[in-house]
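K.L.:
One-letter residues, chain by chain:
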Amino acid sequence: MLSDLRISCSPHISGRLSTRSVMIDVIIGLIPAMAAAGYYFRVHALILISTCVIACVGTEWLCNLIRRKPNSLDDFSAVVTGIILALSLPPKLPIWTAVIGGVFAIGIGKMVFGGLGSNIFNPAMVGRTFLSVSFGMLMTSWTAPATLDAKMSKIAPENAADTRTQATPLAWSKMAIKNKLGAGTYNEHNFAGTITGEVGGCLGETSVIALAIGGIYLLIRRTIRFHIPLAVLLCAFVSAGIAYLSDSYAYMQPFYHLTSGGLLLCALFIATDPVTAPLTRRGMWIFGAGVGGLTMLIRIVGAYPEGVMFSVLLMNAVTPLIDRWCKRIPAGGKPSVT
Amino acid sequence: MTRAILAMDVGIIGRHSFRGGAHPPQKKDLTRDSEIQAGPAVKEVAVMLSQHIGAACRPLVRKGNMAQAGQKIGDSDAYVSAPVHSPITGQVKEIGLRSHAVLGRSTAIIIEAYPHDATRRSYSELKEQIDESKYSAEQICEAVRQAGIVGMGGAGFPTRVKIEPSPQTPKEILIINGCECEPYITCDYRLMLERTNLIIAGAKLAGRASGCSRVFIAIEDNKPAAIEAMVAALQGQSGGPQAPWGGGIELAVVKTKYPQGGERQLINAVLKKQVPTGGIPPMIGVLVVNVATAAAIAEAVLFDRPLTHRVVTVSGEAIAKPGNYYVAVGTSVSDLIDFCGGVTQKSAKVVLGGPMMGIALADLDTPITKTSGAVTVLTKEQIGGAKFARRQTPCIHCGRCLEVCPENLNPTKIAHAVKYNLLDAAEKEYFINACSECGCCSYVCPANIEVTGYIKTGKIFLARQKKKMPQ
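Chains Y and F, in that order, are what the protein sequence lines are. Numbering (the working numbering) for the first sequence: 1 to 338. Numbering (the working numbering) for the second sequence: 1001 to 1471.
It should be emphasised that the hints constitute simulated quantities derived from the structure, not laboratory data. One should not assume that every hint holds.
Capping the alpha-carbon separation at 30 Å, the derived lysine-lysine pairs in DSSO-like fashion look like this [to be verified]:
| hint | chain 1 | residue 1 | chain 2 | residue 2 |
| --- | --- | --- | --- | --- |
| 1 | Y | LYS327 | F | LYS1466 |
| 2 | Y | LYS327 | F | LYS1255 |
| 3 | Y | LYS327 | F | LYS1419 |
| 4 | Y | LYS69 | F | LYS1456 |
| 5 | Y | LYS334 | F | LYS1466 |
| 6 | Y | LYS327 | F | LYS1428 |
| 7 | F | LYS1255 | Y | LYS334 |
| 8 | F | LYS1380 | Y | LYS69 |
| 9 | Y | LYS334 | F | LYS1273 |
| 10 | Y | LYS334 | F | LYS1272 |
Same shape as in the complex, but just chain F (with noise of 0.2 Å):
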């Protein structure tokens, strides 16, 4: 089949894209056609309190203490939470400190398996159509609440939070994002290849538990393979009258453009909507679900399984065995790299994550959290060429930047008020706060600027002047 009869079809809406944005290199090719093998049997796991937004958990166990496969060691009475569960049966060696990406030091709790554990979780397969109104909002809520599942795309925003119906913001369109849009990473698309109808299970349960009448699945167009499985098992699917396939549910095939996966330029490629600056999508009744997380809440409402695994891209030139492997939450980083062979002798930096938006480990006993999907690992060639070799000149203001910002910001301004610690003007006149810091702009820069480098770190400052100062 190919593309043009397809949206001929079935009525694809598409293909879309949104305003800037930048063409990285894909490089999806070294691991795109490698399936989802299980991951190390590990040792130890450090299981973080802290994998989303929102308030840490407690533990809920101590030291010496056994731990199931799948039973909750860490919870929180915040709303804005969700809990930990143990991924292997072990016992718990001690609640301490591991490396954080993004938080630094932070709390973990580390079980060590038992000699004999054989509880090696594999993905669910789902064969048949599902169907969604057997369960009640509140049902599918809870259960999503108790798998403890977050926003598995990167943001980690507790997913109970985002789809329970709230009567201020209704929500009327859910858009399932798997478009994916950083180079490398291939987690989610071998998902859409393998796991399609748990993808579309979990959209419909989604869609039910939120109220929205409209579902989208947004798939980026350098992924045929993926846009036809969907389509496929979309077109298998029963539909009511209003809705003659897919069971109500829309493919949208977006453009291949960075960063398309990005909530806001997704809707806006969807939908043509913009979400307000410093807003969230539920205020213009759209909700974004990644496609991991949709799969996340199948498995949690129709298995009753807790996420403790994720599928993980480990790629990059300097890996030896690159691929997708379901990794249990809590194995380190060094462990991930083991198993896959080892890093070659040019490596030169790990990021936890895809290499615009990841973070590169300073510590590679750093654990897998919920929200992490990939491991590169790049070469001193390919860092090199961008950060070291080539000497960094002074911002000639050729503006390149600014096209290819998705936001509509002056990233160089902003960047430049930082440097020279105008941070009321990167704020007021500059709009500093609406960056997704996407990096596009770095990226692009003939100059060598860390330009997103000068306003996160401006951001940061800002949020610490604000804190200083009395309301």
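Extracted from the complex, chain Y is given alone in its bound form (with noise of 0.2 Å):
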């Protein structure tokens, strides 16, 4: 009653968000990506992602209880780390192989800078790079999607022991580059491949449909906003139609760029991430624009086929620049000095 009365700074009521909604939003927005990559690399991509998640959680655990800090998992945030990780990741990789990227991402990649909101790079984007530096071999040999028919070509017989592989797109794209083959041969029934997920790669990044309706999803619920993905692709778009005007042999269209390799999965879920991306409008797009240039510039010049790992953690680098010169002017003007 009345004799005990809460006092507080107003506003005395709150809206309905709360991190763990925004979070379970994120994991409902990647719902489509894992079903897609359910079905197109069947059980083991479930286990890969369920690996992923265990890892992350109870990395998060233990460093909450080896850091003496309250619990911390029901934001739900190492969930959505371990999803993300585990749909960057090849379709076989090897369950141990996973779980050591899970333990970095989570361990190096968030709880030493503090946890939740301290991290300067995106945790999963740090597990797949330390797994990519440390393992290139295995994160690197690319299964063919299981609903593939057989007499597809193979780009890498001599890989395939007991599993066929398939080349992802972005390494026909390097071996165009190197002019081994021309871009053209890239053709259109793989493009159609690209946008249902019917082609070699990362679990979660092959699917362009499923892709989009988990972004479409977030941008409705407004836990995204549209400046970060429209920069990344658009200045991904624009480089790559440059590099491909420049020399159509050499160079894939534009588009199957932005259909192939993490682009899209990158531009939606991995960029946006609010941790590692900058506040205002302005940055947002500073960042976005840097994402999708610093890819392509990878993988149109760089060694490595795909370069969205790389360009990410590149912008996480600079945010806190980009927050800084990015500054908001209150709707009235810089005050005048008095």
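Dock chain to chain to rebuild the complex, using the hints, since each chain is given by itself in its own frame.
P.N.:
Structural data, given as structure tokens:
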């Protein structure tokens, strides 16, 4: 009753959102991509996803225990990291590798910085980078989707002992740049494959449709804003377009670049990670453009076929600078010095 | 009459808005249909000597003196100040300290009502239209000053100072603010329905006193009945050749959004002009006056009645009888709550004002002042859902506070700068003083961070720091 009055600063009511609900939204947005991964890469995909999630959640729990911090698992951010990490792994990656990735992503990518909100780099990308630097071979052997016809061409039969492997579209692109084959050989059939997801690649990045459904859900829920995805895709398209126009034999069509590899997964789910992206709209445009441009630079000029991972990490590193540069001006203009 | 037809017929300006803002649940249906009723017949009132921005009043009465209803009992020689009057007839019991929602303990004149005091004031009514040209600007200003009128929307700036013409900042446009964007509060809404003519008269008088050539009445579009009442009343007003209807008063229907009733946001919504940061509306020739203040101006000028009573909305899920009451200034919040049937078991927080900007009371003997438009009693679930049950997580930089900030600030950066004692950065890089403390950032924050709280704290620290530093 009125004997125990609560006192606090205004406002005394608050909206329904919580960090947990935001994270759950992201998980819901990732469900189509997970479903596509399960469809194309079968049970192993689901095992990988759950392994990564368990590894991430377990690591966060352990770190909290060691640091004697209150349990922070109920915000579900570790689950999101686990899913995104899993979706950016090759389908046939051994389980133990995925565990290492998960532990590294949360332990080094997030908890050493102080947990949620304090990390500089996207934890999932930190984990993936660690894996691709440490286990390069495992991280670049791609299996063909289980739904794919057996008569499809195999680019690297020497890798395939018992599983069928298939080159990713971007591996094709790299071959084309090295002029072993023309970019045009990457034909319309493969383009259709990248839309549905029936193509080699990481677990979650292959199906454009699934990613788009999840992304649209997040946009409608306003969990992410359109600025970063649009900037990433636009800048990637323009960079790829310039390359294509300069030499259309060696370079893939810009549309292929957008639909293949992890670009869409990155644009919608990785670069939009609020913790590691700038706050202001102007900053978001710069950040997104940087991610898109760097990705294309690595894909076209660099040694790796895929550049999403490194470009996200590089832009994460400059996020504080972007935030410092793109300050908001009050609606009434800067206050005059009195 | 539908709103669409209204807009065509009388050329309503609008429907405008500002950038940012939030949509907290309105909850106005609790009291929207309850007519303004007489408030409690109190035995004792505590009239605060400082109910406004500016110099506090000196008491004009002593302990043991008799005070007539409407008698001036406190005044000040300072320009930015407003006198206070006794709302009841009684004896001055003491001049002592009472809790003030903002100022803490401050001086009040406590008047004990005579046992048979039957002077229960009711709100003046105005049937016919007035001819404001009968009153000179000086006359209006003086009446407003003598009646002790201050901004009744919450800020409490002395109205005389506001409306008096000033050669440095000539005023051209007057906006009567009937937005009432805070959840729960309906006192201005009822006033617009029940005292429409009084508000229009006040608008005309304020316009005449300040020399404003254009007068707008701004109402949020969630109050169609108030808009209709206002249009009907305005259509009855005679206008000059330039103003074919409404006697030169225009109606501006603005979008329902919090904080639409904020002075700076309202000016932006109606006129598409931006008040400079740190500046005041007269710098761009605009004047904003709350509807209750306008009604008080009319009461003061036409009926010579000082501001001793105001309409207070008592609302919230935890009050037995929510409603709008015409309450004597100085009535304690506990008297008012008792009058409304007390609180229910679920009550947990009593807020003077609305839930977005109101102040949670620690002492229910806090008296109602000229600026308190509402008492909101919130339940445990409501505040539990808001601030107690849900765990606060670190800021995830989601940017929602940036999106809702009506002043286009970076609330999370300010809050963190204050948290880590970087007041200089908060002021010079993130413009902490441009914040209007509307509370949108805290409201939307998914991490449950008291962003507004940090900003308010930072402002106080900054002000203290500046005081210490030699200029």
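K.L.:
None of the hints should be skipped; say for each whether it holds.
P.N.:
Evaluated hints:
1. As the CA atoms of LYS327 (chain Y) and LYS1466 (chain F) are separated by approximately 25 Å, the hinted pair is consistent with the 30 Å bound.
2. Restraint check for LYS327 (chain Y) and LYS1255 (chain F): satisfied, since their Cα atoms lie roughly 28 Å apart, inside the 30 Å limit.
3. Pair hint LYS327 (chain Y) plus LYS1419 (chain F) holds up; C-alpha atoms about 19 Å apart against a cutoff of 30 Å.
4. Among the hinted pairs, LYS69 (chain Y) with LYS1456 (chain F) is consistent with the structure: their alpha-carbon atoms are about 29 Å apart, no more than 30 Å.
5. Among the hinted pairs, LYS334 (chain Y) with LYS1466 (chain F) is consistent with the structure: their alpha-carbon atoms are about 20 Å apart, no more than 30 Å.
6. For the hint linking LYS327 (chain Y) to LYS1428 (chain F), the alpha-carbon distance of about 11 Å falls within 30 Å, and the restraint holds.
7. Only pairs whose Cα atoms come within 30 Å are accepted, and LYS1255 (chain F) paired with LYS334 (chain Y) is accepted, the gap being roughly 27 Å.
8. The suggested pairing of LYS1380 (chain F) with LYS69 (chain Y) holds, with an alpha-carbon distance near 28 Å, which does not exceed 30 Å.
9. Proposed proximity of LYS334 (chain Y) and LYS1273 (chain F) is supported: the alpha carbons are some 15 Å apart, at most 30 Å.
10. As the CA atoms of LYS334 (chain Y) and LYS1272 (chain F) are separated by approximately 18 Å, the hinted pair is consistent with the 30 Å bound.
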